[in-house]
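Enquirer: Now for the letters of each chain:
There are 2 protein chains.
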Amino acid sequence: MLLKNDIQALKYDKGTGELNNWLITETRFNPETLGKVEAVFSLGNGYMGLRSATEERYSKEVRGNFVAGTFNKFLGDKEVTELPNAADMTEMALTLNGETFQLTDGEILDFDRTLNLKDAELSRQIHWRSPSGDEYKLFFTRFVSLDNKHIIAQKVAITPLSRDLTLKLNSGINGQITNTGTQHFKEGVLRLYDQKIMKLEAHTTESNIDFAHFTRHEFTLENDTFTPKNTIFMDRRKIFTTFEPETIKKNETITIEKISGVYTSRDRDWENVDTALASFATVPNYDTLFQAHRKAWRTNIWEQYPIQIEGVDFDQLAIRFAVYHLTGMTPAHDNRMNIGAKGLSGEGYKGHAFWDTEIFVLPFFTTSNPKIARQLLEYRFLSIPGAVRKAAENNYEGAMFPWESAWLEDGEVTPVWGAADIITGEPTKIWSGFIEQHITADIAFAVWQYYQFTGDQDFMEKHGYELLFATAVFWQSRLEENSDHYEITGVVGPDEYKEHVDNNAFTNYMAHWNLEKAIHYYDLLLQENPALLEALSSKWDLRTNYRKWQEKSSKLYLPQPNSELVIPQDDTYLSKKIIDLTPYKEASQVGALFLEYNLDQVNDMQITKQADVMILLYLLENEFSPEVKQANWDYYEPKTLHDSSLSRATHSILASDLGDKELAYSMFEKASRIDLGQNMKSSDPGIHSASIGGIWQVVVNGFGGVRMLDGKLYLHPHLPEKWTALQFPIYWKGSRLLINVTKDTIKITNTSNNDVQLTLNGTEISILANTTFTNN
Amino acid sequence: MLLKNDIQALKYDKGTGELNNWLITETRFNPETLGKVEAVFSLGNGYMGLRSATEERYSKEVRGNFVAGTFNKFLGDKEVTELPNAADMTEMALTLNGETFQLTDGEILDFDRTLNLKDAELSRQIHWRSPSGDEYKLFFTRFVSLDNKHIIAQKVAITPLSRDLTLKLNSGINGQITNTGTQHFKEGVLRLYDQKIMKLEAHTTESNIDFAHFTRHEFTLENDTFTPKNTIFMDRRKIFTTFEPETIKKNETITIEKISGVYTSRDRDWENVDTALASFATVPNYDTLFQAHRKAWRTNIWEQYPIQIEGVDFDQLAIRFAVYHLTGMTPAHDNRMNIGAKGLSGEGYKGHAFWDTEIFVLPFFTTSNPKIARQLLEYRFLSIPGAVRKAAENNYEGAMFPWESAWLEDGEVTPVWGAADIITGEPTKIWSGFIEQHITADIAFAVWQYYQFTGDQDFMEKHGYELLFATAVFWQSRLEENSDHYEITGVVGPDEYKEHVDNNAFTNYMAHWNLEKAIHYYDLLLQENPALLEALSSKWDLRTNYRKWQEKSSKLYLPQPNSELVIPQDDTYLSKKIIDLTPYKEASQVGALFLEYNLDQVNDMQITKQADVMILLYLLENEFSPEVKQANWDYYEPKTLHDSSLSRATHSILASDLGDKELAYSMFEKASRIDLGQNMKSSDPGIHSASIGGIWQVVVNGFGGVRMLDGKLYLHPHLPEKWTALQFPIYWKGSRLLINVTKDTIKITNTSNNDVQLTLNGTEISILANTTFTNN
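Those sequence lines, one after another, are chains A and B. In case it helps, numbering that gives the first Met the number 0 puts the first sequence at residues 0 to 775. In case it helps, numbering that gives the first Met the number 0 puts the second sequence at residues 0 to 775.
Keep in mind the hints are simulated off the structure, nothing from the lab. Take the hints with a grain of salt, since some may be wrong.
Note that identical chains are pooled: a pair holds if it fits in a single copy or bridges any two copies.
Under the rule of at most 30 Å between Cα atoms (straight-line distance), these lysine-lysine pairs were calculated in the DSS-like manner [claimed, not checked]:
1. K10 x K660
2. K13 x K721
3. K584 x K228
4. K185 x K237
5. K59 x K167
6. K10 x K117
7. K428 x K195
8. K185 x K575
9. K228 x K638
10. K59 x K228
11. K711 x K660
12. K746 x K117
13. K680 x K167
From a predicted model like this one, the values you see are computed outputs, not experimental measurements.
Using the sequences plus the hints, can you model the full thing?
Expert: Below you can see the structure in the form of structure tokens.
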């Protein structure tokens, strides 16, 4: 028997013509797997993210609307600050001839739900037979405007097919929503204005952010707009109106628009609730809003990132899906905000930013939209006070960046307790917030990478140098002297299945890199901008630090490849027990291992959660030989569960480097299906930001072969066998290049007024301003 | 076409033999009307109340478990303290051969859900065909133990009928529950003990009450207990286990017990979480628990209150239903707690106590179980500090009892904002907390009524006199001098559709009564217990007050019957506009009027929400002639919407007094169907405590004709035409009388060792100790 959950519910090939590889379609309604589509089809504009829960409610839905940067901490030891779930404005409860419209009742004669990536619009068409046998056609659409970031627009068209329709709609604003039971809002004023606009105010309990939610409705019957009978209804944290239009004739279509807006006191242009209302009051209707929204997507997104893959339709869709979510998750409007590990698509990871931003997502922006990349790095700069506090609390110096980061001054916000330990029956302690320290070097790395790609001297002078120095100040204070060398003990590396390890290779190398870069730029500024250096010196005591950097960096222990060329992941990893991981690698469920072992036990085995040594080999690629890379791949990959969505993209890029196109492509295939694939559970708490950034990296850095090494641009494409062409844009020192790779040719169009130097397949070339270079 | 909601879903006649008129049965599953059965079938033991939400979850369910007295106030201006919704322990998510058990899916071949009042046990039997065509029988039972007040016991038996069954159960403790979006708990420790007992701790945010929730499971296959494969799972505010037993053969029955316990630091015997765990660990299995529970109901409830009605089966069921809920809603174990206006069956009225307790519910206990009545009055005594504070805040003296009352020291807890004003679009201000002041006299009245019925001198000396005096101190300070008399302006009377009225008759008469009783008992104590009077005098300055009582009481304006014998409800009522209320009286929905008028408009019309002058005529019945009563009935009843559940019972009793048996019975029929009837919406936020107390009053005080007037017991039955017999117990001055009324005879059995004096149908008689008196 084929069970519901076995059916491939998502289709990728419904788009044709202009919409070819732009549509993702859910082809059957399943009340058990709502979370998948809520997250994967979520709508967003960087200001807010809206899970695609349906207009009608189901018991297993998780409705969610998250406004970037509006963090709040609930009462209690177990809480950390998180993005609160704003009031729900998408519910529209329909009663059709006395019967509740609900897909669990009656019969679904036709159904699909489609995310149109091109227009960033969600639609749902249903032919429904009610329990009593009446038939209706319903067509729902909605979008979250990229043009007016406060606006959610919805429309539903209903056509009764069997007989005339007496319709009742109950719709409004519901502030009873929580974050898995945690209520972040004090209830505020409810109000109906002019029998038209409903308002719900709410105020976060601790961070005192004001939220103003508005919604209004418009009814159209066969092109005529009208006002139906309506009754206002206020309940706790809730304002709804019941609309009861006159009877709709059989085969006529009634259309209902619901336009909603959310404004908060975190908005840079916030004045007060009344000005927000005044702004909302001028918002036009669905179709007008949609035109502006669609134009914004065309102009700002798809023309900005014209990434094309030919040969495999799914892959073209996947890269568009990545760009779609990279756009929706990124608060490009405000440098006080960063990207959550689940974007704005769910409660997972509480909206916190991790190293995921710098190592997995930022390369997309650094390469494709440097302005946004700069803002994201400015966020880290603005977060320095919290990082300094964290360092001081741990008896270190400089800026020790939090493992998880929320609002600027929050500092460390990683929760302390996690999932159940199956052996002891107690919650597992999460050590990352205490000892996963490599993020401080990862941020420095991203700053440098941004600088090398963009040459943005203004950024460096205002923010970049200080970030490089402040992080290096941390590292010198962090190093521990051990006879003739320095080391870093008691950390968690990228492999979070190993806690309290000594000399994690990734951490030590990255710290060393960070110190060396600080020394380099100290020397440089001493020559080129002594005034700036002086200013920074007085703030960070750089003279003293410079001496310590020099002394300690050269003596920092960097684990070297052993006789088999394997770099020890940490001091003890290679001496631990090895078990056969095949059953867990094949399990459909991430974390399958922990149904049989607890973390203490896994700590004692050669089991790696995700790329650890491998990410080192990728980031600092020119410090290791191809032989070392191959040996480490062969050693570590079989011991790696890829239990983090960050893992496979890195492995794919390395496989490309190692010349194994098939392996690279097979890793990409898995990586690109983490959210977009048929696993109906893994995305419930939200899409995987880093994985989505990783998809882009595999395409551009892996198959496209784009690299920056020592400040120079390299291009060495490795097109997968199945692909016939790949096109993508990159920025280099302010110049925009459009790169087009086929089986036979590489075409590089320089659209800027400057010549660009790069190394193409090992040969240095220069692409002149406003020309196209073609290599056959 | 017959719609779902039109069907008479509840049946009352399914019980036969021993269970005749003991069962209420829901005969069809309707996902739209879950709230009705959740509340009306709710289980309770006075310590906690559990809404009867199903084991599997539905989108329109409202799960609820309320522990008496555990009030907490959330942050924000709009919040008042309320009974928090404890963690849900009743969920049991079943997957049968890979399909989720959900009645909205597949086909229901047979279904009923039954509340057995006698055993206070809820059961549900289902024959279900899954979407893929497999058939199963499921039988669920549960109860909230009257023997061990912390315990909820559940059992489910599952029999696969088509093929072998692979079962998955996901079950545990879910603390993500809120009160309509408000989260009252800080998250506490989660823990699994011995792979068996799951624990979830939680702590109220403001009142700092610790909650410990425990649950455990037991599996039996064809009488053999076994431990299935299980996996623990912790999430935020949630601890669950997935159980996966070996395959169950076709036609075999697997039984799963889930035993849960809740303990809080408000418990008098609370020590800490560990002692609570130790206590929970000793709890026996379902069947053993059930024997003790059943015995407690037989002995403590049904033998204590053997109320019998013969002639109309529904009425017998209705009075048992009343006793069932009066038991479940009343925290008889702790005099620091009172009865919520919705008992413990829902969030409605936030668990607060109103005058509903003293005027509508307390007579049942005063008459039938004086020990509990005393405890409920002790609650008011212990609440005096909050009442004194309220008086002081309003520039009055003495004890001004809060309109809504929660924990002892809370004082006034009435929310300030209510439903939407349909004209202005703003929330309506609730004035009751400010100016509905009659409750202070109502409490004094109940104290006196209790004293008269019981002769409990100990209570009077410890609490009663002080309550009478403290309330009278308030009233003398409240009276306003107006030339030659005193008056009370700017109040809300029982008719809450009239705000800011002057000289509400009920309020003035009751205040006057309160003052007169204080004078009376002052005089009495001066003679009989001067030491006590002295102690109370020094506390309440009674010498001064006594003089003021005497002066002001005699001059307090008491609205007199006009030329048509109508007592003006207040100074302006009779001059207001009269409209035809027929459409609103016939509307199925309470509050139908407010879909067309706002409260300001209703304020200007002769429209009464509920018994106002009528309740005065009932409580102080011997101050008014039958002619005045009749004239006022005829005037006010047509203007009364009975929009409060308190209204009809009072009207029925008055109709009995006025000799209109048919009208009395017709009012009773409506009153007894407020919760128990077929209206599938009106009980959603909880059953109506006062209405349920009112049902008992109609039966015993109305049809049974039991009255206490001036300290004497009167009996004057008015059996409805359809009834052939009525039996009920009452206590009088510590003696228990069992009264049995038929068409022809009245039989009174005195089971005590004291003679009892009473006036039977106008004749004074004496019933000798341990004898039965029969009047043919």
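Enquirer: State for each hint whether it applies.
Expert: Verification of the supplied hints:
| no. | hint | result |
| --- | --- | --- |
| 1 | K10 x K660 | within (27 Å within a copy, 71 Å between copies) |
| 2 | K13 x K721 | within (21 Å within a copy, 70 Å between copies) |
| 3 | K584 x K228 | between (59 Å within a copy, 22 Å between copies) |
| 4 | K185 x K237 | both (12 Å within a copy, 23 Å between copies) |
| 5 | K59 x K167 | both (24 Å within a copy, 17 Å between copies) |
| 6 | K10 x K117 | within (16 Å within a copy, 56 Å between copies) |
| 7 | K428 x K195 | between (50 Å within a copy, 22 Å between copies) |
| 8 | K185 x K575 | neither (52 Å within a copy, 41 Å between copies) |
| 9 | K228 x K638 | between (66 Å within a copy, 28 Å between copies) |
| 10 | K59 x K228 | between (32 Å within a copy, 25 Å between copies) |
| 11 | K711 x K660 | within (25 Å within a copy, 101 Å between copies) |
| 12 | K746 x K117 | within (26 Å within a copy, 85 Å between copies) |
| 13 | K680 x K167 | between (34 Å within a copy, 17 Å between copies) |
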